[in-house]
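Position chains C and R against the provided structure of chain F, taking the given hints into account.
Spelled out from the first residue to the last, the chains are:
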Amino acid sequence: MHAVIQYLISIWVPLVCALVIVGVLPLVTGYIVLMERKVMADMQARLGPMRVGPHGLLQPIADAVKLLIKEDIIPDEADKAIFWIAPLISVTAGMLAMSALAIGPWFQIADLNVGLLFIVGISALGIFGIVLGGWSSNSHYSLLGALRSAAQLVSYETAAGMAVVGALLLAGTLSTREIVTAQGDYGTWFIFAAPVGFFIYVVASIAETNRAPFDLPEAESELVAGYMTEYSGFRWALYFLAEYTNMVVVASIATTLFLGGWLRPFAGTPAFNFLDYFPSALMIFVGAYCLYRAPKQPVKVQQLFMMVLGLAFFGVALILAAPLIGRVNDMLPGLKPGLHGAFWFLLKVGSYIYLFMWLRFTFPRYRFDQLMRLGWQFLIPLSIVNVMGIGLALVLHRQWGWSHWTAFPLTTALTLLVAGWLGWAGEKKDKEHVFVGES
Amino acid sequence: MLDQIVFYFFAALAAISAVLVVTRRNIVQCAIFLITALLATAGIFLQLHAEFLFIVQVILYAGGIMVLFVFVIMLINLDISLHQAQYNRQWWLGLLLALVVGAHLILAVAVGRSVLPFGEPAPATMLEPSTQIVGRTLFGEYMLPFEIASILLLVAMIGAVVMAKKKV
Amino acid sequence: MIPTSHYLFLSLGLFTIGIIGVVTRRNVIIILMSIELMLNAVNINLVAFSRLVGSAEGHVFAIFIITDAAAEAAVGLGIIISFFRNRETLLSDEMDLLKW
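Quick note, the sequences are listed as chains F, C and R, same order.
If you read the first sequence in the working numbering, its first letter stands for residue 1, the second for the next number, and so on.
If you read the second sequence in the working numbering, its first letter stands for residue 1, the second for the next number, and so on.
If you read the third sequence in the working numbering, its first letter stands for residue 1, the second for the next number, and so on.
Hints are computed from structural coordinates only; laboratory data are not their basis.
Some hints here could point you the wrong way.
With the C-beta cut set under 10 Å, the calculated list includes, among others, these residues of chain C facing chain F [stated by the list, open to error]: (1) Ala31; (2) Phe52; (3) Val58; (4) Ile73; (5) Leu75.
Keep in mind the model is a prediction, meaning the values are calculated, not measured.
Just so you know, even glycine gets a beta-carbon here, dropped at the ideal spot from N, CA and C.
Chain F with its partners taken away, still in its complex shape (with noise of 0.2 Å):
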């Protein structure tokens, strides 16, 4: 009997995990996208959508209703076949490298042995529906965008993943769940062991995704709208969806890596516990602040709506809080980890993209050869120079016995003053640089 259950959880729970992550990633996207045009609003003191549902809570419905009963326009001059096919590559690689993650210490579907680098791999499959979405389309714009992307990408992957080499030095092992048990046996968080490597990976991967200010393959007053020119309706969400998917993808990679998974904040450390209170208290936050505002909607049906929100999210405050009594905990002690890691995951997930989005309505675009320039001659030394310091700080703490705090700062330290000599170098360069045009 016991043998049959084990069975069917081998079985069904990556299957459910995989429906879970299938079904919801779309909705997900629709509210990242959502949540994107409230902080772009936000921080051009605007107020962003407010007409499809109380604050515009149903705006990415009415988005993804209206993208799918849109006329699929196919150019005549295109390639069909390809053109057709060209989508569903890059939101394929997008969701196959989803399987490889670790959501909470549960929530996952397969825990390969190579796990961080087949999301690396596959994510970077994406790329051929980018270039050949571009080229089938028949079209210059179009042709421009996905040739920029694919030099953007290949340079940019290969920082990243020199980026990422540290941390595994660090960890020592490619399974996302074992590195995050890593992490909770350093006692900290590998940010803090190798910040350049960090800082390396979200330049690096805001540039992987194509996204401001690195955001040349589709440069608006450029190249119309690059490799998406010439889409539209559906096959033009289904490149958004692989577009924000990748997003979730890179922010899981580096919440995976550097920022300590689904641990909570100091972790190790028991004059903390009363952070296991905070996801409770966060959800009663957004919860009570959804009934503040209920009154204030001017229809009756939004006023509801808000009211049933609140209610939802006072409903998650409660599951939440459910192991942190000590009945339930000692009834189902796997509960607590698998919750509660599930919600810091997203937390910190949510945070890097928010970070994304910052830095999306901070910085001007990027001219394309000093985005080459950036990639080539800074990132990628510094990145090499990164992964050594990672090593020589490793060899003194495990050969000479110094201690943490002593051989990382020290690294750290080394890189840094590489990165400004890097930098340094770099602008008397660029100073010394007479453009085209204008002599």
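Relative to chain F, chains C and R alone:
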């Protein structure tokens, strides 16, 4: 059973896409089928429990080398080459010789079957944490070849830059 | 379980197809792609033997082959780009001058 389904599926996929790579007229389609063949090979590696090689194949071959190919194909306009003859004048001789080589290889495997244990299924995996074992072998016994390979890459990189640069 | 010979037959099939591509096609890029196909077929062979013998050396050699393929693709495509820039063609049988 599942093992066999996986293997024969990927084998058929690899073989069919390989045939399409050498017969299609449009270079972009050739590149797509080559990617399919490479990914199918990666699937076969996975079926052989070579996880690390699987991911190297996906990242380097499919994600790196093929992106380079597609990039170059798009840099070079291909409208003209679509309407030119696709095979050279002595294609029949080449085909004949290639088939002779293929027949030789089949013969070699067939003869080797009686000497080496080809016919039996391969023993169950003895290389369990295959990533660790590959790493140890690569950085222990094969350290010198590894360094030589990195010099080869450096040389190739400089060579490619010099070759493709407009003015040296 | 699948006998090792099936891997070998698959491998030699791909290898032969690669040879056919190299000797019959005129387009240089397709010739280069066929060479990649041949290298790939060799990798299958190596990994299958590695499984048979139970050592990781086949994997290591496959990694070296992939490295080599990367180097070859970079240099080969560099040559193709510079050739295309000079002669505006991609056909191997028009590459008949030793010096331009």
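Once the shortest beta carbon distance from C/Phe52 to chain F is found, is it less than 10 Å? Since chain F brings a Cβ to about 6 Å from C/Phe52, closer than 10 Å, the hint holds.
Is the interface hint satisfied for C/Leu75? The criterion is a beta-carbon contact with chain F at less than 10 Å. The hint holds - C/Leu75 has a Cβ within 10 Å of chain F, the shortest such distance being about 7 Å.
With a cut-off of 10 Å on the beta carbons, see whether C/Ala31 makes it to chain F. The hint holds - C/Ala31 has a Cβ within 10 Å of chain F, the shortest such distance being about 9 Å.
Given a cut of 10 Å on the nearest C-beta pair, is the interface hint for C/Val58 held or broken against chain F? 4 Å, holds
Have a go at the C/Ile73 hint: is there a Cβ in chain F nearer than 10 Å to its own Cβ? 8 Å, holds
Violated hints: none; the structure is consistent with every hint.
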